[in-house]
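Residues per chain are reported as follows:
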Amino acid sequence: ETGVTQTPRHLVMGMTNKKSLKCEQHLGHNAMYWYKQSAKKPLELMFVYSLEERVENNSVPSRFSPECPNSSHLFLHLHTLQPEDSALYLCASSQDFRQPYNEQFFGPGTRLTVL
Amino acid sequence: GQNIDQPTEMTATEGAIVQINCTYQTSGFNGLFWYQQHAGEAPTFLSYNVLDGLEEKGRFSSFLSRSKGYSYLLLKELQMKDSASYLCAYTGGGNKLTFGTGTQLKVEL
Chain Y
486 ETGVTQTPRH LVMGMTNKKS LKCEQHLGHN AMYWYKQSAK KPLELMFVYS LEERVENNSV
546 PSRFSPECPN SSHLFLHLHT LQPEDSALYL CASSQDFRQP YNEQFFGPGT RLTVL
Chain E
18 GQNIDQPTEM TATEGAIVQI NCTYQTSGFN GLFWYQQHAG EAPTFLSYNV LDGLEEKGRF
78 SSFLSRSKGY SYLLLKELQM KDSASYLCAY TGGGNKLTFG TGTQLKVEL
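Chain order of the listed sequences is Y and E.
Sequential numbering of the first sequence, starting at 486, is according to this note's numbering.
Sequential numbering of the second sequence, starting at 18, is according to this note's numbering.
Note that these hints are calculated values from the structure, not bench results.
Here the structure is a predicted model, which means the values were calculated and not measured.
Beta carbons: idealized from backbone N, C-alpha and C, even for Gly.
Hints should not be assumed to be uniformly reliable.
[Said to hold, decoys possible] In silico SDA-like cross-links for lysine to any residue, where the CA-CA straight-line distance does not exceed 20 Å:
| hint | chain 1 | residue 1 | chain 2 | residue 2 |
| --- | --- | --- | --- | --- |
| 1 | E | 113 | Y | 588 |
| 2 | Y | 525 | E | 74 |
| 3 | Y | 525 | E | 69 |
| 4 | Y | 526 | E | 77 |
| 5 | E | 74 | E | 113 |
| 6 | Y | 525 | E | 27 |
[Said to hold, decoys possible] One-sided excerpt, in silico: chain E residues whose CB lies under 8 Å from chain Y:
| hint | residue |
| --- | --- |
| 7 | 32 |
| 8 | 34 |
| 9 | 47 |
| 10 | 56 |
| 11 | 58 |
| 12 | 65 |
| 13 | 67 |
| 14 | 70 |
| 15 | 74 |
| 16 | 77 |
| 17 | 112 |
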């Protein structure tokens, strides 16, 4: 595997379900990101982890819970979601969060549908 | 509100040149990124501008004017495969990106 991978690619869940999204980067990067992409809206940054420490939490509802067990893996735990949470969830990584010029590498995303 | 703006859609002809504009307003600015995103795929990096001026990379060039809060992406010799969404994003503190809504470019024969 190369680059940034995400599983599953598609997920359909009910509002009472609990599910998790997984992201893995094979680039040796120190920073990982979760973004939400909805139709007609900009990519919204949700969470940032730098060296396994959460450094950014953009007023995301508590029904989204991130976890970063090591610098290569990032999870997004989902619980009692709402239909408006249906979106494409993208994971990204970069070499160093402190450097503004670092390119972010994105995974293919998980298409989430909440019924 | 949204402080980074780009057109929603553009259409151009194969072989032509197209310019996609992006304007932004922010008190903390480090640099401006352009990403390309094909439908159903991940965004991929195209360019990064930190200084004023034009950066050329093959068929793609990107321009930045920090004083005007303005950037553009120039695509030359358009090909059908260039049909995609083009996202501009600025960095303020660290590697935190603020994205525009993206410009959906359609290349026609």
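Evaluated hints:
1. In summary, the hint linking residue 113/E to residue 588/Y is supported, as the alpha carbons are separated by about 11 Å, within the 20 Å threshold.
2. In summary, the hint linking residue 525/Y to residue 74/E is not supported, as the alpha carbons are separated by about 29 Å, beyond the 20 Å threshold.
3. Distance check on the hinted pair: residue 525/Y and residue 69/E sit about 30 Å apart at the alpha-carbon level, beyond 20 Å; violated.
4. With a C-alpha separation of about 25 Å, the suggested pairing of residue 526/Y with residue 77/E is violated against the 20 Å cut-off.
5. Restraint check for residue 74/E and residue 113/E: not satisfied, since their Cα atoms lie roughly 24 Å apart, outside the 20 Å limit.
6. Restraint check: the Cα-Cα separation between residue 525/Y and residue 27/E comes to about 15 Å, which is no more than 20 Å; the hinted pair holds.
7. Because the closest C-beta pair between residue 32/E and chain Y is about 29 Å apart, greater than 8 Å, the hint is violated.
8. For residue 34/E, the suggested interface contact is broken, since its CB lies about 25 Å from the closest CB of chain Y, more than 8 Å.
9. For residue 47/E, the interface hint holds, the least distance from its beta-carbon to any beta-carbon of chain Y being 4 Å, beneath 8 Å.
10. For the restraint placing residue 56/E at the interface with chain Y, the shortest Cβ-Cβ distance is roughly 11 Å, beyond the 8 Å limit, so the hint is violated.
11. Interface hint at residue 58/E: satisfied, since its Cβ lies 6 Å from the closest Cβ of chain Y, which is below the 8 Å cut-off.
12. For residue 65/E, the suggested interface contact is upheld, since its CB lies about 6 Å from the closest CB of chain Y, less than 8 Å.
13. Hint status for residue 67/E: holds, given a least beta-carbon distance of 6 Å to chain Y, under 8 Å.
14. Taking 8 Å as the C-beta cut-off, the interface hint given for residue 70/E is violated, the closest approach to chain Y being about 16 Å.
15. Interface restraint check for residue 74/E: the shortest CB-CB distance to chain Y comes to about 13 Å, outside 8 Å, so the restraint is violated.
16. Below 8 Å, beta-carbon pairs count as interface contacts, and residue 77/E has none with chain Y, the closest being about 15 Å; its hint is therefore violated.
17. Among the interface hints, the one on residue 112/E holds; its C-beta lies about 5 Å from the nearest C-beta in chain Y, closer than the 8 Å criterion.
Checked against the numbered hints above, the structure breaks hints 2, 3, 4, 5, 7, 8, 10, 14, 15, 16 and satisfies the rest.
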